[in-house]
Amino acid sequence: MDQVVISILIVVLFTFVVLSIGIFGWARKLDTSTQDYFVASRTLGFAALFFTYTATYHSASAFLGTGGFLYAHGIAYWAIGPYTQTIGGLLLYIFGSRIWLLGKKYNFYTPGDLLGDFYNSKFLKVLTGIVLAAFVIPYVQLQLAGAGWITEFVTFGAVPYVWGAVALGLVVLIYVYLGGMRSVAWTDIFMGVFMFFAIVAGGWYLTNVLLGGPTQAWLTIEETTPMQLVLPGEPGYFTLPMAFSWTVVITIGLSVAAPHVIMRMFSATSIKILKWVAVLSPIFLVWIYISYIWFGMGTRALFPGIEYPDEILPRFLFEYTPLAFAALICAGGLAAMLSTANSQLHASGALLTRDVYNTLKKDASEKQLLNVGRIAILIIFIFSAYAAIQKPPLLAMLIALATGGMAQIFPMLFGALFWPRATKAGAISGFIVGTIIMVWFELGNINLFGMMPGIWALGVNFLVFIIVSLLTPPQPAEKIRKFHGFLDSDEAKNMLRQ
Amino acid sequence: MSKRPVQAEKVQEEEDVYELIKRHTYIFPRTRLGWILTLIIIVSFLMVYPGLIWANTAYPFIFGMPFTYVWLTFWVHVIMVTGFYAAKKLWI
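Protein chains in written order, with our numbering: chain A, 8 to 505; chain B, 19 to 110.
A couple of the hints might just be wrong.
Calculated lysine to aspartate or glutamate pairs in the DMTMM-like style (CA-CA distance at most 25 Å, straight line) [stated by the list, open to error]: (1) K107(B) - E485(A); (2) K107(B) - E318(A); (3) K40(B) - E485(A); (4) K40(B) - D497(A); (5) K106(B) - E485(A).
Chain A residues, not near chain B, derived (Cβ > 10 Å throughout) [claimed, not checked]: (6) I82; (7) L97; (8) Y168; (9) L226; (10) I228; (11) E229; (12) L238; (13) T254; (14) W283; (15) A285; (16) L287; (17) V293; (18) A392; (19) G457; (20) H491; (21) D495.
Think of the hints as simulated: they come from the structure by calculation, not from any bench. Glycine residues also receive a C-beta, built at the ideal position from the N, C-alpha and C atoms.
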């Protein structure tokens, strides 16, 4: 059979399976309520929650960007990636239990629900909803762009980039539009397992074929590109301060402040499940890259000067492994991208519906909210697909912008959960200042003292938040009792034991 | 209604708020085990940032792997194991 046909068949088969599972998830809905659509009626069990968290975490950058990163910057990746994933798991553990308790007690299911209630501010709720949804767009754009690239690559150009990005995006749109969180969770179970084995197998196979195994790979790297074994690597970008700032910002932005992660905290069926997802997820997230390290860094040693390092994994798969194997591993890459795009699309729909529309129109019916949620998902998809068609650079810029932007809700979230002295004025002023600095520094490419923009934005945000909170009157006692008092109450402790 | 009781009520409410803030501010661990595990995690993170200032070297190779890789892999697994232990033993 013709090689192109085999590749196309594998991509089509993968897409068909994902779409079928997505529709299966839709069919398993409990009812037509917004709670079921956005947080699966808080019934996600361990497998669904574990894979929807981990599969969403690893995106286009896992399959393509990590290869480019390892090729370009060497061991610096290992100083950032595993720490963001592991510390992120712990933050999920610490913040997640409190967020889950409040969600269960007061029926919250978006970050804006929780923040808007504690700070007693509709403005804050609408503002965080709009800003977070806006920062989701570059993230979805990146996934669709990655899907377009992979499809074009796998099909030897028979399916062009734009067709691949739009067609796979439409598949995601269909099942997210129909089934909401249930479809997202079901497809993520399949895609999470598939992507893990694909990336591990692809990296391992190529390490052995190209480099003669892990030990030989390290020796080759040592002989040819020894600078890649230490920070800052050969281009000299990842100095210690830069690596540190990446670690902090991505940890917070992707692990605890991202709207889709907070929605997953609300969706857990029990706190025990959430806790185990938090501590076991780093194993999945870190170990997926162990073989990729040898391949990514080893490729630089053997083939210096590759123009597009992001493409090394698919490129070498097709050059050095059987075609069906290569196409299958690349389908695993598509899984990484689609599993992130679906969660982000879904979360943005929830933000615009619950935090924006429902705040402005309090008396909206369930049916109206559901329709608005679906329309919001459609609108975010159109924006993201249009942006993806422009062929963005696949590297860190988009991730840095999106995660740095999402991280700006962290200080006020910290206040609502751990620091009752936090005030509305502190939260709003910190968030606005942080977001402005984030966009200004990112667009101006300002890396003050060799650190990425997000950390400056977050630092100033925190500072403004604390100072303004201390200078303004505290939240009413009733509000503190409702949140922090409840979290310390026997009722909460009993809920945790269930 | 006279002005005095209203003012007294307000003062009382303000005192209540600050008492509530004091009681429910929850930034540090509350048990000895919580402190120990938190310290292990913090020390493990410090071993990388800023620990890499001293550990940023490829040599010696350990079990055929460069020192930086072993150092980074070791500390991240210490954090993982500590988190796992916390999930077993601690509530929050």
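Hints, verified against the model:
no. : hint              : result
1   : K107(B) - E485(A) : violated (33 Å)
2   : K107(B) - E318(A) : violated (44 Å)
3   : K40(B) - E485(A)  : holds (15 Å)
4   : K40(B) - D497(A)  : holds (18 Å)
5   : K106(B) - E485(A) : violated (34 Å)
6   : I82               : violated (5 Å)
7   : L97               : violated (5 Å)
8   : Y168              : holds (35 Å)
9   : L226              : violated (8 Å)
10  : I228              : violated (8 Å)
11  : E229              : violated (6 Å)
12  : L238              : violated (5 Å)
13  : T254              : violated (7 Å)
14  : W283              : violated (6 Å)
15  : A285              : violated (7 Å)
16  : L287              : violated (8 Å)
17  : V293              : violated (6 Å)
18  : A392              : holds (36 Å)
19  : G457              : holds (13 Å)
20  : H491              : violated (3 Å)
21  : D495              : violated (6 Å)
In the structure shown, a violation is registered for the earlier hints numbered 1, 2, 5, 6, 7, 9, 10, 11, 12, 13, 14, 15, 16, 17, 20 and 21, in ascending order.
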